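**Q** The lines below spell out each chain.
2 protein chains.
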Amino acid sequence: MRARRNLALGILVLATSALAARVQDPLPSWNDGAAKKAIVDFVKATTTAGSPLFVPPQERVATFDQDGTLWVEQPIYSQFVYCFDRVPDVVKARPELANVEPFKTVMAQGRAAIAQLSHEDLVKIAMTTLSGMPVDDFRAEVLRWLASARDGRWKRPYTDLTYLPMQEVLQYLRANGYKTYIVTGGGQDFVRAYAEKTYGIPPEQIVGTAIGTAYSYGKDGTPVLTKEPKLILDDNYAGKVEGIDLMIGRRPYAAFGNSTGDQQMLEYTKGGSGARLAMLVLHDDATREYAYGPAQGLPDSKVGTFTQQLYDEAKKAGWVVISMKSDWKRIFAFE
Amino acid sequence: MRARRNLALGILVLATSALAARVQDPLPSWNDGAAKKAIVDFVKATTTAGSPLFVPPQERVATFDQDGTLWVEQPIYSQFVYCFDRVPDVVKARPELANVEPFKTVMAQGRAAIAQLSHEDLVKIAMTTLSGMPVDDFRAEVLRWLASARDGRWKRPYTDLTYLPMQEVLQYLRANGYKTYIVTGGGQDFVRAYAEKTYGIPPEQIVGTAIGTAYSYGKDGTPVLTKEPKLILDDNYAGKVEGIDLMIGRRPYAAFGNSTGDQQMLEYTKGGSGARLAMLVLHDDATREYAYGPAQGLPDSKVGTFTQQLYDEAKKAGWVVISMKSDWKRIFAFE
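So the protein sequences, as listed, match chains A and B. Quick note on this note's numbering: the first sequence kicks off at 30 and runs consecutively. Quick note on this note's numbering: the second sequence kicks off at 30 and runs consecutively.
Read the hints as simulated data drawn from the structure, not as lab findings. No experiment lies behind these values; they were computed from the predicted model shown. Just to be clear, a hint being listed does not mean it is correct.
Pairs involving identical chains hold if they fit within one copy or between any two copies, as the list cannot separate such chains.
Using 27 Å as the maximum straight-line C-alpha spacing, the simulated DSS-like pairs for lysine-lysine come out as follows [stated by the list, open to error]:
no. : residue 1 : residue 2
1   : 153       : 354
2   : 66        : 248
3   : 259       : 153
4   : 153       : 248
5   : 345       : 248
6   : 344       : 259
7   : 344       : 133
8   : 299       : 248
Put together the whole structure using the sequences plus the hints.
**A** What follows is the structure in structure tokens.
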């Protein structure tokens, strides 16, 4: 009788401590190491009452780049795939584009044309395919596309390809009173279409490359807001800091990126007083994801340029580099 | 003994019901009437679980014009007074402006010059006095000015001149899960400097006329963000709808304004499905505040144009006009 009671008690103790360990670790997909420790230390220092580095709740802002920081960006940003997939519809509506470059090439080769187009061509395709429709229609259209589009490697919806360790960081920061923002070079409206469901981040906390809108009236007199091919904010490099000031109006306490396009956002974040956290994801895991850089001798790539110079600045300035290979126990939720 | 107990009980009952009445009325500075009823009915319809017009908490967005809607805008927007007061400092830093109009006139006449300047002159003064400094310095400077500046009529800080009934609406909506935003034709950075303390509205919920910033490095290498005389968003008329889409990315469920500059915001708000509330403050109280319009035969004015056409559209479209004179029991907290 006593033995049985002791056994039951033992099982209970074991179960409870396993549960406690799980409850106590807010970042279970992270291996122990400098990166994980930096995040936990930062949160404790800025949110523990009485800490000399305590940050009032209303000032707790954390910003995240998206492509390559929160989800896969290889072989090309998924938004560009969306734009390419939309070209036939746009050409159908505006037949005069069929014989104009770069649309002609895209009509002939589809997604395969991506590799050979210049940055200017890509911008032209983005501007044309992302404008001309009411904003509500655009968001519905992006959701339709996301529901059926699959990436080439994992054959999964793009929204499955978010990094589980980063989702844990988002949740951990929010659980500690931080407002989490995406600050992306990608299209603001594109990301807003799915970010609430995918990351738990509402539209008003998405800062991205933004084009203008035009206000007019439909046939029945109801107001219509139409996307216009006019750039309002180029949310890359210094543009990320300008976007943060324009849309948030507060300097972040934590910022996460993975490329030279995030450098100014991290500098600006670390430039504030008190505890500030700046982190860079290094894609050094060719097996489980991709390895590109070219920091630390990784191959160069069309997207997410992480130069050796950026790596050196990070080390010098006290930014923390996250090695995907060694810091992340698990990369995707579906694994 | 029993009589004493009954008396005590009677007092308790009276005190409790007085307290209950106070607790139950979220808008004590409003007189009973169509305007107050419209606000309370809207909140109940959109926030009561099971209501056919229920709005999920994350979609509860309410937008407020500032000048003339949340605080006094006569005889001129206080931001213009700020700009005029800054002209001597700007001319000291840039002596070449001393002999250039409109700066020459302002140097000679001070605030008195406001009445005779054109809209273009005012914009020129605003652009020049609101740019050229780091964003942090600008906000500190606005707070310094607000601490000492007094309006001409009540001899009080401008931030004392907010309308108590509207402060109650802000609090009532927030208590019911609404995110309250200011969407102002005034300068976004100017309003951000004081809005958190004055209205309980944080910087990231202020949408206003915005100028660009430039990112650079100070002598010690730290990043500096400087305000540039380059217009990013003209947050008036249709610009308010564009600003809402750019910064919030959701259509408001409730919108409050007081002039033709708010017309499109109210149209856009009412254009959504479900319960939508659109309200306009009519300044018809010459005794307690000001009476100007020219709706309903009120005198025309340099600011806050409320035309008869807007009044008629409001009545036709189901927008609710708030009569300051009859709907507001009390206008200022200091009264």
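**Q** State for each hint whether it applies.
**A** Comparing the hints with the structure gives:
Taking the shortest Cα distances, residue 153 and residue 354 never come within 27 Å of each other, neither inside one copy (36 Å) nor across copies (55 Å). In this assembly of identical chains, the alpha carbons of residue 66 and residue 248 never lie at most 27 Å apart, being 59 Å within a copy and 33 Å across copies at closest. Taking CA atoms no more than 27 Å apart as the test, residue 259 paired with residue 153 passes in both settings, with 11 Å inside one copy and 25 Å between copies. Taking the closest pair of Cα atoms, residue 153 and residue 248 never come within 27 Å of each other, the shortest separation being 30 Å inside a single copy and 39 Å across copies.
Taking the shortest Cα distances, residue 345 and residue 248 sit within 27 Å of each other only across copies (18 Å), while inside one copy they are farther apart (60 Å). With identical chains, the CA atoms of residue 344 and residue 259 are never at most 27 Å apart, being 38 Å at best within one copy and 36 Å at best between copies. Taking CA atoms no more than 27 Å apart as the test, residue 344 paired with residue 133 passes in neither setting, with 46 Å inside one copy and 53 Å between copies. For the identical chains of this complex, residue 299 and residue 248 are inter-copy neighbours only, at 16 Å across copies versus 51 Å inside a copy, given an alpha-carbon limit of 27 Å.
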